[in-house]
Amino acid sequence: MEVKLQKGPLTARRVIGISLILMVALGAAILISLVCGTAKISFVDVFRVFSDSSHVRESTKLIVLRIRLPRVILAGLAGFTLSLGGLVFQALLRNPLADPFVLGVSSGAAFGAVIAIILGFSFGYGVPLFAFLGAIITIYLVLAISKRAMGVESSTAILAGVIVNAFFTAIIMFFIATSTEDRLHSMLFWLYGDLSQSRISYSVMTAPVAIAGFFLLYSFSRHLNLLAAGEESALHLGVNVERARLVCFLAVSLMVGVAVSFTGLIGFVGLIVPHLARMLLGSDNRLLMPVSALGGALFLIAADTAARTVMSPSELPVGVVTAFLGAPFFIYLLKTRGSRWTQ
Amino acid sequence: MIQFSDVGFQYDEGLWALKNISFQAGKSELVGVLGPNGSGKTTLLKLGNGLLRPRQGEVLLEGKSIDSYSRIQIAREVAMVPQQTHFHFTFSVLEVVLMGRFPYLKRFEFEGERDVEIARRALETTHSIEFASRPIDELSGGERQRVLIARALAQEPSVMLLDEPTAFLDLKFKKEIFELISSLVRANAIAAVVVSHDIELAAKYCDRIIMLKEGEIVFVGKPHEVLTCESVEYVYECSVVVDENPVTGAPRVSVV
Amino acid sequence: MIWVCITRRPFEVRTKRPMKRRAYLIMYCLLPVLILGLTSPEGVRGETFVDALGRRVVLNRAPRRIVSLAPSVTELLYYLGLGNRVVGVTTFSDYPPDAARKPKVGSYVHLNVERILELEPDLAVGTKDGNEPSSVALLEQAGIPVYIVNPRHVEDVADTLFSIARLCGVAQKGKRLARSLGDRIEKVRAQVRGLPKPLVFVQINLKPIISVSRNTIHNDVIRLAGGINVMADARITYPTVSVEQVLARRPDVIIISSMERAGRFEKARREWMRWKSIPAVRNNRVYLVDSDILDRASPRIIKGLETVAQLLHPELGKKELELNGGKTSEGTPYSP
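Protein chains in written order, with this note's numbering: chain A, 80 to 422; chain B, 46 to 301; chain C, 49 to 384.
To be clear, the hints were calculated from the coordinates, so they are not data collected in a lab. Incorrect hints may have been included.
As the list claims (entries may be wrong) - With a cut-off of at most 20 Å between alpha-carbon atoms, the simulated DMTMM-like pairs for lysine to aspartate or glutamate come out as follows:
no., chain 1, residue 1, chain 2, residue 2
1, A, Lys140, C, Asp300
2, B, Lys220, B, Glu209
3, A, Lys140, C, Asp170
4, B, Lys219, B, Glu201
5, A, Lys226, A, Asp131
6, B, Lys217, B, Asp160
7, C, Lys245, C, Glu188
8, B, Lys151, B, Glu169
9, B, Lys258, A, Glu310
10, B, Lys249, B, Glu201
11, B, Lys249, B, Glu74
12, A, Lys140, C, Asp204
13, B, Lys258, B, Glu245
14, B, Lys151, A, Glu137
15, B, Lys220, B, Glu201
16, B, Lys267, B, Glu74
17, A, Lys119, C, Glu292
18, C, Lys245, C, Asp300
19, B, Lys91, A, Glu137
20, C, Lys315, C, Glu292
21, A, Lys226, B, Glu245
22, C, Lys176, C, Glu188
23, B, Lys220, A, Glu137
24, C, Lys152, C, Asp170
25, C, Lys223, C, Asp204
26, B, Lys267, B, Glu224
27, A, Lys119, A, Glu137
To be verified - Beta-carbon label-pair distances, calculated as ranges:
no., chain 1, residue 1, chain 2, residue 2, range
28, B, Thr273, A, Thr235, 42 to 50 Å
29, A, Met358, B, Glu154, 38 to 46 Å
30, A, Ser98, B, Asn290, 44 to 52 Å
31, C, Val291, A, Phe246, 45 to 53 Å
32, C, Ala185, B, Leu96, 40 to 48 Å
33, A, Asn319, C, Ser182, 15 to 23 Å
34, B, Leu216, A, Ser234, 28 to 36 Å
35, A, Phe200, C, Ala238, 29 to 37 Å
36, B, Val301, A, Gly87, 29 to 37 Å
37, B, Phe213, A, Ala107, 30 to 38 Å
38, C, Leu254, A, Ile279, 38 to 46 Å
39, B, Arg179, A, Gly96, 31 to 39 Å
All values reported here derive from a predicted model rather than from experimental measurement. Even for Gly, the Cβ is constructed at its ideal location relative to N, Cα and C.
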């Protein structure tokens, strides 16, 4: 596996240029997704819905604006968040296997959301808040378990994450197994991810968190670069490692918590996309952050579109699609990079 | 210049790792720190960097207590070259050296022309300019060490701390590194403290030698003065013979 | 009053054709009734219906394109002879066979709202259990009236049948069919009254063994059929149980409600046969009942009831409980 390197130093222009290209691609992806689905809707229909809605059937308008658009946007935001979170976790733990799913943060968030539902909150602010708390508690647990005198040992963190993941998933399964029927269905979706009940209000709540989180994390992008050589090295160069770690973990937890509370558990996004980005563009987080985030949005929009068209009128849970795409990629990574990860 | 004034350090409530440490390294001075493992050499460097705070006494940078400096300010003055660095993600050599500019850039700032210029100059000085766009993990030990020194230079420090910089290097590179350090120190008016196991090379290139045993300074002075049979035997607890290297004239230690 | 008009001589305007005037008056009074009767079926114009959740559903005319959001609802619609008005069903709506050929709109726990919207229905009928509230909300936003039913007990099926009938403008027929279902339930009740109540274990899943607690329709069937569900006190609605627990409760009858073909059922039955201490096993009273007639709140559950009653009380003999099924009075092919 070749890692491409820059000839000269990274410039703002390059970052912005590549980001713009990705944003255009994202726009195209959104457009294509609006056309795909169970109902037959063409590009022309979609244009008409947004421009001059008088010539369009009511059902078409509804399908595009109330079903597909909220869903596509939420998928984009979730992909954005999970991918960025994965990149940051990998940098913080210096381990390519880290992502919000693997470290258990997503399942902690899902657990928080499930508790909120049981306590009677519906999707207002109650559920995302509990999800955020769940995410925080999880990341705290994982870090506490894996902290050593010299900082966090990443392989222990991964293991701790696996255990925490299993723990929370088991609890969620417990609730599912013992719940009365009507609650059952709303909880099943936590295990596979489900974007079919998306509403615009979910995106409205998630977007500011995602964007603010991005800029906050971006302000630490160089710090994360320096961490690549080890925490001590970073300290020598002037990085306040404790603070960077704290702020970044909190920011990711908040973003992931909010996203997961609306979409359920979706894995592999934070694993695949940052890796692909790194393979293509090098390791500088100042470029990788926007690329991973936007790439993640693209990826999940595509996965969700596949999830709802491949077996129409049935739907695959989107987490299944990402797993289908993610697992082989993972195996490929293991084979090509092999033992480098054990260091 | 860096000064240790009666510094003492204790890890938790246990043993005192360092006691009554007082010495200084001034501009263009290369001070070598010798001693067996566990004598507190690494702790000394960490105190010099502000990573650890002394329990007793104080560390002074350019006459001011290191406590009055922020992390970033310290990084502008003091550069550390570790024994080895493992990069978990691949960066090019130039990118690594540019990391040394971290203390000078604002949060969202990208490196400017001056920064790149400084980095290039650092690479040139350390004879690593030809690897500028190669990935750091493709370099050999010696080459990598030179890059780390270049990174330290890019910090434009007034003090350099080097932790056994030749530990994992081949003979050929050991000499190279010491020569490099020595010339850098003189050319850039840096005060440098080098921790090493390489008694001979330290003796040859250092202006002064400090010998540590069990956390305390037992000998300090010019290499010729400090490195005697008795002192080496005392510090390292093994029988040696110390004579003069016939070619260079520097003290030569041989184990018997 | 007409009579007075005609016989009061002082006011009488002697016309040449008194009969004609009477005819006009009569027609005048009957006209509104005629208009109503001719233009729409019994009383559906702009009518508000209240569904099982207390929601108000307004229909402007009898629905012609109905989407069923659950298999039980599909059966109810077909039972009422409204099969030709059904334009979409959920994936497991497999009875009667004609229903299985209708366009699919997703599963009842995961509706494909796009497909439903494409079919442009004027009514959707769903159940409280299963259908996601957010999907229902989306349909309503689209202007599709959604009527939710919630039959929890066997008797509710008749009521549900009637309310759907009213909704769709076939109230008379619905009333008749509902009554006949009710009669059949009563009949079973009467037969089993006074008879000793056997202990019954209902198994709805083979591996792991899952039974039913009291809030289920299975429990209701057992109760009406004159039996006692041994797992009625379980806290979880569909508890997973171990063989030990079944052994402890010593049921007289084991009913396996499953869609499994004979092969797997035989295997399950042989599994039970190992535990001779269970009365049901000792007396060879382990039965398979098609789950479709036992867990769907559809007219076929009455057949389920009758079947179970017969299984629980063999002393009643087959003749007494001869299935009333076959044809409805209108000869529709749906045979419960």
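*Looking at the structure, which of the earlier hints fail to hold?*
Structure breaks hints 1, 4, 5, 6, 7, 8, 9, 10, 12, 14, 15, 17, 19, 21, 23, 29, 30, 31, 32, 33, 35, 36, 37 and 39.
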